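Top to bottom, those sequences are chains A and B.
So that you can map any letter, position 182 of the first sequence is 182 in my numbering, and since no number is skipped, the others follow by simple counting.
The number in my numbering is simply the position in the second sequence, starting from 1, with 533 added.
Note that these hints are calculated values from the structure, not bench results.
Since this is a predicted model, take the numbers as computed values, not measurements.
Any given hint could be a false lead.
As the list claims (entries may be wrong) - Chain B residues, not near chain A, derived (Cβ > 12 Å throughout):
id	residue
1	Tyr-619
2	Arg-657
3	Arg-692
Said to hold, decoys possible - Residues from chain B shown here face chain A by an in silico Cβ test under 10 Å; the list is partial:
id	residue
4	Ala-549
5	His-557
6	Gly-591
7	Glu-625
8	Asp-629
9	Val-631
10	Leu-638
11	Ala-645
Claimed, not checked - Sample of chain B residues at the chain A side, in silico, Cβ under 8 Å:
id	residue
12	Arg-553
13	Pro-593
14	Arg-594
15	Trp-617
16	Arg-642
17	Pro-646
18	Val-647
19	Thr-673
20	Ser-675
All C-beta atoms in this analysis are idealised placements derived from N, C-alpha and C, irrespective of residue type, glycine included.
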Amino acid sequence: MTSPTPLPAVSGEMPAEAPWRRLDRRMLAIRPVHQLLRAAVPLLVILFGARGNGQEWFALGGAAVVVAAGMAHWFTTRYRIGPTQVQLVTGLLRRRHLAVPLDRIRSVDVTATALHRLLGVAVVKVGTGRQERREGHELSLDAVSAEEAVRLRDELLHRRDVATGAPTPGAAASGAGAPGTPGAAAVPGAGAVPGAGAVPETVLARFDPRWLRYAPFTLSGLVTAGAVLGFLANFANDVRLDLGHAGPLRTAAEQVRSAPLALVAVAGAVVLLVVVSLLSVAGYLLAYWNFSLTRHPGGTLHVRRGLLTTRAVSLEERRLRGVEITEPLLLRVVAGARCGAIATGVGGGELLLPPAPRAEAHRVAAAVLGPPDPTGVPLRAHGRAARRRRYVRTFAGAVVVTAALVAAAAGGVLPGWPWRVALVLLLPGAAWLAADRYRSLGHSLSDGYLVGREGAVVRRTFALRRDGIIGWRLHRSFFQRRAGLVTVVATTAGGRTAYVVPDVPETLGIALADEAVPGLLRPFLEARPTPGG
Amino acid sequence: MTPPPAETPPDRMPPAVTLRPPRHLVSPRAIPYWTTRAAAGWLVLLVPALVVTLVVPGRPRWLPWALGAAALVAVVHVLVMPQWRYRVHRWEVTPDAVYTQSGWLDQERRIAPVSRIQTVDTERGPLEQLFRLAKVTVTTASAAGPLEIHGLDHTTALRMADELTATTQATPGDAT
Chain A
1 MTSPTPLPAV SGEMPAEAPW RRLDRRMLAI RPVHQLLRAA VPLLVILFGA RGNGQEWFAL
61 GGAAVVVAAG MAHWFTTRYR IGPTQVQLVT GLLRRRHLAV PLDRIRSVDV TATALHRLLG
121 VAVVKVGTGR QERREGHELS LDAVSAEEAV RLRDELLHRR DVATGAPTPG AAASGAGAPG
181 TPGAAAVPGA GAVPGAGAVP ETVLARFDPR WLRYAPFTLS GLVTAGAVLG FLANFANDVR
241 LDLGHAGPLR TAAEQVRSAP LALVAVAGAV VLLVVVSLLS VAGYLLAYWN FSLTRHPGGT
301 LHVRRGLLTT RAVSLEERRL RGVEITEPLL LRVVAGARCG AIATGVGGGE LLLPPAPRAE
361 AHRVAAAVLG PPDPTGVPLR AHGRAARRRR YVRTFAGAVV VTAALVAAAA GGVLPGWPWR
421 VALVLLLPGA AWLAADRYRS LGHSLSDGYL VGREGAVVRR TFALRRDGII GWRLHRSFFQ
481 RRAGLVTVVA TTAGGRTAYV VPDVPETLGI ALADEAVPGL LRPFLEARPT PGG
Chain B
534 MTPPPAETPP DRMPPAVTLR PPRHLVSPRA IPYWTTRAAA GWLVLLVPAL VVTLVVPGRP
594 RWLPWALGAA ALVAVVHVLV MPQWRYRVHR WEVTPDAVYT QSGWLDQERR IAPVSRIQTV
654 DTERGPLEQL FRLAKVTVTT ASAAGPLEIH GLDHTTALRM ADELTATTQA TPGDAT
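Sequences and hints are given; from them, build the entire structure.
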């Protein structure tokens, strides 16, 4: 490997001014190609749209500008890691100087597209925990060599003396193996994005091909299918391709038109189901192939995944505030679940486990938070008033829709069958949904965690560290006050920022908040006037 | 399927304590302030509708009735909401916590430990300046949990913001 190895980095007695480093030289080749791909559609449109009146030159000129800009990025970008901060200077026309204090770094992501991996480099993104994700305001090194990426991650996150660590066998192997066939990525740990570092990491979860059976139940295929169709239609439109006149398609369309309607509907549904399932599996493979969740003894969790584009996310454990297990209805039917981290500085939830068996999700939750699994504790139900509220709210929705359909039928806007269908399907559906929503509802207070669960269409179970709760919201609507219920919301600095325990009986809810964060509510509590009777 | 959670046996119910409302009411001038604001909002909606009803020919027959109903709702809202809200809106600051209560139909109590406070802002819109009122916003590291106290007397608001800022600065850590 002839990559320009930077000077020995951070050590005990750092010089005040660390040397500036450059991105990997291979970016001179990669970035222009990426930029060209990104600009491909407009360039192609110009090229195809040019009917021999010299507009081809615009396309070529545009491509030249794109290539030049891509190469300029390497010449204009420098970075260095000082004793207190990381600095990045970049930009040709607009120079930007970014500085991030080392103690504000909360995550380091290493991403590599297929092209990056082919040439053995990776993009390093430094997360500071600010919620703003404006383009250009995050510190991103696109790109450095794969070995340098590992070193940077260790340097930035664990702040340990990297110079003492010999080049790791894993990193060397990955560097050597990367330019080979893409198929080599099938071997665990052989991806260009670094495998295990010098320090042995504990594996908490690893990709299992049997998980693929959950892919069709994630609906991601539907999204992918939509995106693919949209892209194709857009492209066909751009290059002025009239699908109606393409020979095979036209014959197919004519055959469909002459077939009986029911047959077409059934066949269409089957085809759609198969296509969506296949796309889901493909999407799952692309996103989660080679997934692994490991724990670094330096106090970080590493998530690696991806078939073509690989991602390696590092998460400091001291930023971890809990986990959340998500079960969308379809996935729940086949006993599958996802697991995510609640961590400060990470909006949403950082993935800890892709759709997999529910037992596996609970096992990961236990492994991450330390056994016993807080999400597995028995939950306390919220009682009769909460159950009644589930039914009232669900049925109200069903009744309103049915009533609207009846009114429409009476007014002659719609035929008579829609409201009958609604009556037969919607009302029993509502009954089932309400029962299921109540079954899901519950909370518990274990040793270190507040645990809550709710939802039927998407059931979420969260376990939030009690010392991660930084405030309470106690919400009571008009009807909740009449029913004696309160929605208890714990706010925290990460994840979805508000974790909701809906419709708890009032006394129980206040006791819950009081017990979960001792002392906070105490000055505002008083003995309840003895209940009448 | 996960088995349904067990019902709470009545004998294991926690001791009968209740969360009392915060001690302090907001400024009484908040009532005319809320009234003015609500009335202005309704006027923006109703006046154009009235003009259309009177001027445009061939309007549907139900339009005046709808307008009348909306006007009735407006009057009730403008008369009832500020009074109701004044009784609900309360606040309290202790050395350890900030506690607010707000809303009218939907009510919410928010509690944040002083040790987790990140910023304290006071804000005065034009209408609030007219009534010598201010809004205090206390934020924590959670995007979901700002505590807002509307309709505070301006000097009270300033004093409170100063005190809170001083206590917050004395607390170490990044409050996450």
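Cross-check of the supplied hints:
1. Tyr-619: holds (17 Å)
2. Arg-657: Answer for Arg-657 of chain B: holds, closest chain A Cβ roughly 25 Å.
3. Arg-692: Arg-692 of chain B clear of chain A: closest Cβ-Cβ about 20 Å, beyond 12 Å.
4. Ala-549: holds (4 Å)
5. His-557: Cβ of His-557 of chain B sits 13 Å from chain A, so the hint is violated.
6. Gly-591: Where the cut-off is 10 Å and the nearest Cβ of chain A is about 21 Å from Gly-591 of chain B, the hint is violated.
7. Glu-625: holds (7 Å)
8. Asp-629: This interface hint holds because 7 Å falls under the 10 Å limit.
9. Val-631: This interface hint holds because 9 Å falls under the 10 Å limit.
10. Leu-638: Hint holds; Leu-638 of chain B Cβ to chain A Cβ min 5 Å, cut 10 Å.
11. Ala-645: Status holds, d = 4 Å.
12. Arg-553: holds (5 Å)
13. Pro-593: violated (15 Å)
14. Arg-594: Because about 16 Å separates Arg-594 of chain B from the closest Cβ in chain A, which is outside the 8 Å limit, the hint is violated.
15. Trp-617: Violated. Min distance 11 Å.
16. Arg-642: holds (4 Å)
17. Pro-646: Hint holds; Pro-646 of chain B Cβ to chain A Cβ min 6 Å, cut 8 Å.
18. Val-647: violated (10 Å)
19. Thr-673: Given a least distance of 5 Å, the restraint on Thr-673 of chain B holds.
20. Ser-675: Hint holds; Ser-675 of chain B Cβ to chain A Cβ min 4 Å, cut 8 Å.
Comparing the model with each earlier hint shows violations of hints 5, 6, 13, 14, 15 and 18; every other hint is respected.
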